[in-house]
Amino acid sequence: MVAITLEDAMKELENLVKRMESGEPTLDESIALFQRGVELSKLCAAKLDEVEKRIVQLVETKDGNLAEEPFAQKES
Amino acid sequence: MNAPWSVSELNRYVKGLLEADERLTPVLVKGEISGFKSYPSGHLYFTLKDEESSISCVMFKSSAQKLLFKVTDGLRVVLTARASLYDRDGKFQLYVNDIGVEGLGDLYLAFEQLKRKLSEEGLFDDSRKKRLPLLPGAVGVATSPSGAVIRDIIQVLGRRFPNFTLKLIPVAVQGAGAAAEIADAVRTFNARGDVDVIIIGRGGGSMEDLWAFNDEALARAVAASRIPVVSAVGHETDFTICDYVADLRAPTPSAAAELVMPRREDLELSVLDLRHRLAKGLDRRLEVSRMRLSKSFASSVFQRPLDGLERKRMRLDQSTRALAAALSKRSAMDRSRCMALAGKLDALSPLKVLSRGYGLVSDPRTGRPVTSTAFVRPKDRIDVFLNDGVLDCEVQAVRDR
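As they're listed, the protein sequences go chains A and B.
Under numbering that gives the first Met the number 0, the first residue of the first sequence is numbered 0, with each subsequent residue one higher.
Under numbering that gives the first Met the number 0, the first residue of the second sequence is numbered 0, with each subsequent residue one higher.
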């Protein structure tokens, strides 16, 4: 799992694209920006799949600890 | 004449009279509080007054601790009390069981006092509020395990972002222990550190139903949370203390779910859009370079690269011609001088003299010219060179001039 958060990756990608669109970078720098940008966009896409679908409830076990149990909705 | 009473007897008697009167037990008295004092014992002492009169009041700890608000001077109240006499000093006073604030509910007063206190401590300040993460890895929820609240939260989260993680700590959301349970849940999530945002909430209800969310200890637990807390108390118009102290307030639990979770399609579109802009940006940059390059090619240096060479060659030719011309001019000059000198030389040449009838006499033995008669005697042989040949001669006689 990569340490960077989705938020940070997207922020970096946004700044990168803005720099590219400014027209300032040299041809070499533009190519390097493009490569990093592709890397980041792939990372962002991967991050969207990182979270698992899980709904759990924390219950106290006999020895006073908390354990995660799948949560089953009870009607009131 | 009756026997005189002792003070104790008198006081006790009057006390009895008062306590036997139904109209004085209990009695509702309205007035303004002044001279308020509370003691470490927990008993409260104050005076209740109107425009003209006043009466001493005492409220014992057992009754005082049930109060939801703080008693202060100036409060206009309605006391529920027992009018009696303290037999030790004969003081007529009210023994107060309950205090109601005139015109406002007790709960509302308590709410206002706590709100002011926590606000003055800075717990509501915007600068304290934490930003929610863009996409939480896990959502922590403290609410009732049954009922619409948790169901709605799960539904809304699932609609926006199918693969989500939710951790529930079931709690009571009203009643005596509710505030403590919710505060514990917030602390537990912080201790475990396994969620990125916490939602505390319940459905709508009366002010009494929601009262747990106005609890001071719960408010402080929310303020102390390192993890952002969203307060969702299902009360459209009024705010609870938790709403003020939380990092974000939602009008309902469903709204809270929307605030903490982005829509997956929105994120995907954002990434796609950035990807497109990235490619376009590079394309444009390449086009700029291409244009610059073709402009260079269009210039004469590239189109007729030999032009320069031609020009240079022309200049070289010109220079060569000029040089040759200069050289030949000089040599013509030299030549005519040469010829002039040669002409002069020619005229002075002895051969030319010889052609005028003179002869050159030389000694055949040495080849040297004979320059005087002194060197010659008769019978000597001499060579006489003419213009066109030589005479081999013998001297007959020598005569001086």
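These aren't lab readings, by the way, just hints derived from the structure by calculation.
Just to be clear, a hint being listed does not mean it is correct.
[Unchecked claim] Below, in silico cross-link-like pairs of lysine-lysine (DSS-like), each with a Cα-Cα straight-line distance of 25 Å or less:
| hint | chain 1 | residue 1 | chain 2 | residue 2 |
| --- | --- | --- | --- | --- |
| 1 | B | 279 | A | 10 |
| 2 | B | 279 | A | 41 |
| 3 | B | 128 | A | 10 |
| 4 | B | 279 | A | 17 |
| 5 | A | 10 | B | 129 |
[Claimed, not checked] Over 10 Å on every C-beta distance to chain B, these chain A residues come out as not near it, computed from the model:
| hint | residue |
| --- | --- |
| 6 | 2 |
| 7 | 3 |
| 8 | 51 |
| 9 | 52 |
| 10 | 60 |
| 11 | 63 |
Note that beta-carbon positions come from the ideal geometry of N, C-alpha and C, so glycine has one too.
So, going through the hints one by one against the coordinates:
| no. | hint | in the structure |
| --- | --- | --- |
| 1 | B:279 / A:10 | holds (19 Å) |
| 2 | B:279 / A:41 | holds (17 Å) |
| 3 | B:128 / A:10 | holds (21 Å) |
| 4 | B:279 / A:17 | holds (12 Å) |
| 5 | A:10 / B:129 | holds (18 Å) |
| 6 | 2 | holds (12 Å) |
| 7 | 3 | holds (12 Å) |
| 8 | 51 | violated (6 Å) |
| 9 | 52 | violated (5 Å) |
| 10 | 60 | holds (14 Å) |
| 11 | 63 | holds (12 Å) |
Of the hints listed earlier, those the structure fails to meet are numbers 8 and 9, in rising order.
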